[in-house]
Amino acid sequence: MEDVIQAIASGILVGALYALIAYGLGLIMGIMKFLNVAHGSLLILGGYVSYWIFTLWGINPYLSIPLVIIATFLAGLILYKLTLSPLLKLPDIEMRVANSLLITFGVIYVLDNAMALIWTPNSRSIMASYSGEAINIFGVKLSLTGLCGLGIAILVAVALYFILSKTYLGKHVRAATQDAEAASLCGVNVQRTYLISCGIAVALAGVAGVIVVSSYSITPGGGLSWLLIGIVVMVLAGEGNINAILPAGIILGLVESASIFVVGAPYRQAVALVIFIIVLMFRPQGLFTKKRTDVYYNS
Amino acid sequence: MLEISNIDVCYGDLQALWDVSLTVGGGEIVTLVGSNGAGKSTIMKAISGLLKPKTGSISFEGICVNKLPAHRIAELGISMVPEGRRLFPQMSVLENLEVGASAREAKKARHNTISWIYELFPILRARARQRAVTLSGGEQQMLAIGRALMSQPRLLLIDEMSLGLAPLLVQEISQVIKDINKSRKLTIFLVEQDVNMALSMADRGYIIEHGRIQSEGAARAFLCNERIKEAYLGISPVEKAG
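Just so you know, the sequences run in chain order G and E.
Position 22 (the first sequence) corresponds to 65 in the numbering used here; numbering is contiguous.
Position 191 (the second sequence) corresponds to 806 in the numbering used here; numbering is contiguous.
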């Protein structure tokens with residue numbers, strides 16, 4: 044019984060990290076209908092920035108988050124300006140998705156090679172004093188880094204809810220998502236709204252990178268496996284359903300934890316992919332969306 | 616206030632407007648009437664910045680707006696109620712109105728403007744928290760007009776206001792438009808298929824056919840014109856020939 048509770052707790056913690064990875068991906072897909080497959084590499088970039096700050100100045104990775112946000116936000120602006128914004132002229136969504144996939148695939152190569160040049164291809168991780176530490180609650184061990192990840196994932200969920208429902212930027216984002224032309228008639232600068240959204244999405248990848256580098260090791264080419272997790276969570280939540288990303292991530296984490304008992308730890312990622320395929324076949328709109336819709340956020 | 620000079624507008628290779636010129640003076644209600652596909656909505660889109668003229672110029676209060684993006688034109692004081700309303704369906708009535716006040720000055724005055732919109736269309740106050748998609752057609756049209764007014768425009772473009780609405784409702788909404796024109800001196804440029812209603816509301820009118828302005832004159836004169844009555848208010852020339 045203790046093992047089951049431990050597995051559930053671990054599933055929730057790892058699921059929160061999965062959600063954190065998917066937020067940025069879901070934002071870009073929901074708002075602009077771009078599939079940014081360079082999301083994993085941008086996550087790794089965030090991890091390296093945090094690693095550098097830790098190595099050079101000894102700053103705790105969690106305290107480096109504001110600097111990582113600034114660096115990756117700027118990377119997001121550059122990504123949008125150089126590669127994604129020309130795709131907005133494409134007439135339909137399918138073309139946007141396909142072309143953004145191809146272009147950001149190219150971005151992976153540029154980023155991964157640049158990171159290998161700067162930080163070498165060797166794997167890096169942050170070994171802080173609390174790494175590997177765990178809190179024991181009623182016999183259940185909860186890792187400190189996992190708990191931090193959960194806290195940050197909840198914070199991101201609340202912040203996104205607040206921004207999207209209460210601020211003018213959020214209303215502009217939602218309006219542009221539902222009808223970009225009508226939004227521009229209302230005085231919304233749609234291009235600027237997209238630019239900021241892309242910056243926020245990549246900054247969220249950077250934040251996820253900080254959590255990843257605190258718990259796992261990173262390499263320049265290691266973004267692809269994290270991207271895959273992000274895509275699975277995004278599909279489970281439903282395209283553009285930002286509210287559902289945290290529960291979808293936790294569900295994936297729980298299923299992975301449970302699968303350790305059934306098929307063993309080496310196959311847990313395969314189980315995630317099986318779920319991904321089943322959901323795509325039988326509920327392509329995701330587990331939390333009633334029907335397929337262009338709406339990306341329900342207030 | 617608005618001066619359109621010799622514009623040609625194309626959709627890709629397809630030309631929709633040829634050498635169109637028209638003017639709208641401050642405080643006027645001007646209507647543009649014509650049959651389906653004549654180019655009425657294309658003119659509206661060109662004024663609001665959704666389409667760029669190939670040649671010619673569009674100036675608003677002396678500023679050339681040809682090359683400006685739509686959001687900049689909205690900031691200058693031109694607001695549009697688009698055909699089909701184009702509301703943000705999953706946002707509430709209040710949020711739709713708030714997005715209408717996206718220009719800097721309008722944002723500051725949004726609370727007062729919302730109160731004014733609620734006075735014009737009291738049903739919107741009752742529906743404030745409801746999503747736009749759940750409103751009836753008439754309520755949606757009121758919201759579309761309210762959203763356009765939120766930017767405190769000096770020129771209001773209305774594209775096919777009566778489309779899909781019951782005659783009584785159209786009458787009610789057009790009365791509100793006339794009242795705003797009188798009380799706030801708001802200039803209105805109206806595109807309509809309901810020619811009778813449009814000409815009854817307007818001071819002046821233009822008739823467009825096949826992308827070209829055919830005639831211009833006082834709205835009352837158009838209402839008495841036999842040819843216009845025949846073409847737009849009753850029997851079409853095709854039917855007559857048959």
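Please note that the accuracy of each hint is not assured.
[Unchecked claim] Coverage of chain E stretches by chain G, computed from C-beta distances (three or more under 8 Å per stretch; other residues unrestricted):
# : segment
1 : 678-691
2 : 697-705
3 : 731-741
[What the hints assert, rightly or not] In silico PhoX-like pairs for lysine-lysine, Cα to Cα no more than 25 Å straight-line:
#  : chain 1 : residue 1 : chain 2 : residue 2
4  : E       : K844      : E       : K723
5  : E       : K669      : G       : K209
6  : E       : K844      : E       : K793
7  : E       : K667      : G       : K132
8  : G       : K124      : E       : K844
9  : G       : K124      : E       : K667
10 : G       : K132      : E       : K793
11 : E       : K800      : E       : K722
12 : G       : K132      : E       : K797
13 : E       : K667      : E       : K682
14 : E       : K669      : E       : K682
15 : G       : K209      : E       : K682
[Unchecked claim] With the Cβ distance kept under 8 Å, some of the chain G side facing chain E (calculated, not the full set):
#  : residue
16 : R167
17 : H215
18 : R217
19 : A218
20 : C229
Just so you know, the hints here were simulated from the structure itself, not pulled from any lab data.
Glycine included, C-beta positions come from ideal geometry on N, C-alpha and C.
To see whether the hints hold, each was checked on the structure:
1. A count of 5 residues in the segment 678-691 of chain E with a Cβ less than 8 Å from any Cβ of chain G is obtained; the coverage claim is therefore met, three being the minimum.
2. Note: the segment 697-705 of chain E has 6 residues with beta-carbon separation from chain G under 8 Å; the three-residue rule is met and the coverage holds.
3. Coverage of a stretch by a chain is defined here by at least three residues with a beta carbon nearer than 8 Å to that chain's beta carbons; for the segment 731-741 of chain E and chain G the count is 0, and the condition is violated.
4. Between K844(E) and K723(E) the CA atoms are separated by roughly 47 Å; this puts the pair beyond 25 Å, and the hint is violated.
5. A hinted pair counts as satisfied when its Cα atoms are at most 25 Å apart, and K669(E) with K209(G) does not qualify at roughly 41 Å.
6. Annotation: proposed proximity of K844(E) to K793(E) holds, straight-line Cα distance about 23 Å (limit 25 Å).
7. Distance hint between K667(E) and K132(G) is fulfilled; the C-alpha atoms sit about 15 Å from each other, no more than 25 Å.
8. Proposed proximity of K124(G) and K844(E) is contradicted: the alpha carbons are some 54 Å apart, above 25 Å.
9. Distance check on the hinted pair: K124(G) and K667(E) sit about 23 Å apart at the alpha-carbon level, within 25 Å; holds.
10. Using a Cα cut-off of 25 Å, the hinted pair K132(G) and K793(E) is violated, with the two alpha carbons roughly 39 Å apart.
11. For a cut-off of 25 Å, the pair hint linking K800(E) to K722(E) stands: about 21 Å separates their Cα positions.
12. Straight-line distance between C-alpha atoms of K132(G) and K797(E) comes to about 41 Å, which puts the hinted pair past the 25 Å bound.
13. Distance hint between K667(E) and K682(E) is fulfilled; the C-alpha atoms sit about 7 Å from each other, no more than 25 Å.
14. At roughly 10 Å between alpha-carbon atoms, K669(E) and K682(E) fall within 25 Å of each other, so this suggested pair holds.
15. Taking the CA atoms of K209(G) and K682(E), the gap is about 33 Å. The hint is violated against a cut of 25 Å.
16. Interface hint at R167(G): violated, since its Cβ lies 43 Å from the closest Cβ of chain E, which is beyond the 8 Å cut-off.
17. At its closest, the beta carbon of H215(G) sits 7 Å from a beta carbon of chain E; the interface hint therefore holds under the 8 Å criterion.
18. Of the supplied interface hints, the one on R217(G) holds, with its beta-carbon coming within about 6 Å of a beta-carbon of chain E, less than 8 Å.
19. Nearest Cβ of chain E to the Cβ of A218(G): about 5 Å, under the 8 Å cut. The hint holds.
20. A distance limit of 8 Å between C-beta atoms decides the matter here; for C229(G) the minimum to chain E is near 5 Å, and the interface restraint holds.
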